[in-house]
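These protein sequence lines are chains V and X, in that order.
Taking my numbering, I'd label the letters of the first sequence as residues 1 to 306.
Taking my numbering, I'd label the letters of the second sequence as residues 1 to 213.
There may be inaccurate statements among the hints.
[Stated by the list, open to error] Keeping only pairs whose Cα atoms sit at most 27 Å apart, straight-line, the calculated DSSO-like set for lysine-lysine is:
| # | chain 1 | residue 1 | chain 2 | residue 2 |
| --- | --- | --- | --- | --- |
| 1 | X | Lys75 | X | Lys101 |
| 2 | X | Lys75 | X | Lys46 |
| 3 | V | Lys297 | X | Lys3 |
| 4 | X | Lys46 | V | Lys191 |
| 5 | V | Lys191 | X | Lys75 |
| 6 | X | Lys3 | X | Lys174 |
| 7 | X | Lys46 | V | Lys297 |
| 8 | V | Lys170 | V | Lys33 |
| 9 | X | Lys113 | X | Lys128 |
| 10 | X | Lys56 | X | Lys3 |
None of these hints come from the bench; they were simulated from the model.
These are the residues of each chain, in order.
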Amino acid sequence: RRQEDALGRHILHPRQGYLPANAERRESVLQRKRQEYFGFIQQYYDSRNDEHHQDTYRQIQIDIPRMSPESLVLQPKVTEIHIDIPRTNPLIPLFQQASVQEIFERILFIWAIRHPASGYVQGINDLVTPFFVVYVFEYIEEEVENFDVSSLQEEALRNIEADSFWCMSKLLDGIQDNYTFAQPGIQRKVKALEELVSRIDESVHRHMQQYEVEYLQFAFRWMNNLLMRELPLRCTIRLARQSEPGLSQAIWLPDTRGGEGPSITTEKEKRERHAEPEGFSHFHLYVCAAFLVRWRKEILEERDFQ
Amino acid sequence: MAKQYDVLFRLLLLGDSGVGKTCLLCRFTDNEFHPSHISTIGVDFKMKTLKIDGIKVRIQIWDTAGQERYQTITKQYYRRAQGIFLVYDITSERSFQHIMKWASDVDEYAPEKIRKILVGNKSDEVDKRQVATEQGIKLANAYGMDFFETSAFTNHNITETFTRLAEQVLAANKKDLDLLRMSGNEEINLAALEEEEGLYERAASDESKGCWC
Numbered sequence: 001r002r003q004e005d006a007l008g009r010h011i012l013h014p015r016q017g018y019l020p021a022n023a024e025r026r027e028s029v030l031q032r033k034r035q036e037y038f039g040f041i042q043q044y045y046d047s048r049n050d051e052h053h054q055d056t057y058r059q060i061q062i063d064i065p066r067m068s069p070e071s072l073v074l075q076p077k078v079t080e081i082h083i084d085i086p087r088t089n090p091l092i093p094l095f096q097q098a099s100v101q102e103i104f105e106r107i108l109f110i111w112a113i114r115h116p117a118s119g120y121v122q123g124i125n126d127l128v129t130p131f132f133v134v135y136v137f138e139y140i141e142e143e144v145e146n147f148d149v150s151s152l153q154e155e156a157l158r159n160i161e162a163d164s165f166w167c168m169s170k171l172l173d174g175i176q177d178n179y180t181f182a183q184p185g186i187q188r189k190v191k192a193l194e195e196l197v198s199r200i201d202e203s204v205h206r207h208m209q210q211y212e213v214e215y216l217q218f219a220f221r222w223m224n225n226l227l228m229r230e231l232p233l234r235c236t237i238r239l240a241r242q243s244e245p246g247l248s249q250a251i252w253l254p255d256t257r258g259g260e261g262p263s264i265t266t267e268k269e270k271r272e273r274h275a276e277p278e279g280f281s282h283f284h285l286y287v288c289a290a291f292l293v294r295w296r297k298e299i300l301e302e303r304d305f306q
Numbered sequence: 001m002a003k004q005y006d007v008l009f010r011l012l013l014l015g016d017s018g019v020g021k022t023c024l025l026c027r028f029t030d031n032e033f034h035p036s037h038i039s040t041i042g043v044d045f046k047m048k049t050l051k052i053d054g055i056k057v058r059i060q061i062w063d064t065a066g067q068e069r070y071q072t073i074t075k076q077y078y079r080r081a082q083g084i085f086l087v088y089d090i091t092s093e094r095s096f097q098h099i100m101k102w103a104s105d106v107d108e109y110a111p112e113k114i115r116k117i118l119v120g121n122k123s124d125e126v127d128k129r130q131v132a133t134e135q136g137i138k139l140a141n142a143y144g145m146d147f148f149e150t151s152a153f154t155n156h157n158i159t160e161t162f163t164r165l166a167e168q169v170l171a172a173n174k175k176d177l178d179l180l181r182m183s184g185n186e187e188i189n190l191a192a193l194e195e196e197e198g199l200y201e202r203a204a205s206d207e208s209k210g211c212w213c
């Protein structure tokens, strides 16, 4: 087995063994979706400074430059317990490049104005990262640290951008109510986590009640950013890979749900993954619950949650 | 075990996205500064213990996301706070204009006797200044608040600002505190006191709770 690199590119490598057959069809769909995306850019991107869009664009511009994973590494608390996971993050220089920041700005702006019910909400920017990184690293042979994205051929960069956009869109289709007014999706998922933990680990649940720890206080970000802030990127990517069909389906052919995407998956692969319609949401919920169970000893010993 | 603090209370940082709320907090609690701190999602918090008039004051500071979408979540924390920092960025006229909106939200959702303080952050960025110091002073006067211009980057006025609000909260709750201090050496959870509305409990202690009505 090939050793996984720091980004898990052999864990989630979209062109390796996942959609081998019917390459022609796949190519034509991809081309069409890419054209469609750049059509949006042409049509809408100039409106980013218009009065009714400027708030959206301003917020995106505030958030992008400060989403360098360097600050992800600096996140306190949760990362401290992941002593077995490498802390060094090879992506820091990547996110400081102007061309990368511009790609993220375009992806997020286009998504936001096409989804006015939620618009752009902080945290959505994190959801582009795993797709973007997986696609970029398809083109990289040299050391990650020295990689300059602008050295990629223009067409490759455009493909990466468009594919990342559609994958993120597909992912967000299922969870948009996380980001609409009052964030009902998150409220519901936090309640579901509470209900699940009360069933699978009553003592942890009672302990938190006793010390007045509300699930919303710690799990809000788990839901809002899909654990992107709590785990190193390679782990997030690995989790995404596990959650068939929600994400891995999104990763290729975003518009063929129920079409050839899943049908190529072998029965064995299906069994190994969590083949549910709400696959990703459920899987994510179980991972959150597993966090609590995994650190139950530490939680139960803790009495001061101030 | 020696008690770690005499009194505990909660302060809340409010203001537009990107004004530097998280940077103020990191400078105050850890004396660290990261020029581009990642956006806060929902609510985060940090602790610090101060000594004011011989009282060990443990403050729990809630740091909020500035984006409007998060306000359903962040407003749930208003009523549990005893003090609020209203933060704007002196290089952003817009963030200053929005202070009025933040202040009216506080009036609507926070306890009546909450103490507020106005903070104009990024005072080191003189070349980009859009809000004059006098404007800040004037607005603070209109609301009856104290006012500080701060810089998390140069560590200007940070401790002063946090200490001032802590002092004001202490003073506002002095009557309750005196009553409790006569009762002995237990830690006092001001936050819990307010929630109990007159049913005074000893806080955060494993011993049995007593009623001090």
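Hints, one by one, checked against the model:
1. X/Lys75 - X/Lys101: holds (13 Å)
2. X/Lys75 - X/Lys46: Measuring from Cα to Cα gives roughly 18 Å; hence the hint holds.
3. V/Lys297 - X/Lys3: holds (25 Å)
4. X/Lys46 - V/Lys191: holds (25 Å)
5. V/Lys191 - X/Lys75: holds (19 Å)
6. X/Lys3 - X/Lys174: holds (20 Å)
7. X/Lys46 - V/Lys297: holds (23 Å)
8. V/Lys170 - V/Lys33: holds (12 Å)
9. X/Lys113 - X/Lys128: violated (36 Å)
10. X/Lys56 - X/Lys3: Satisfied, since the Cα-Cα distance of roughly 9 Å is no more than 27 Å.
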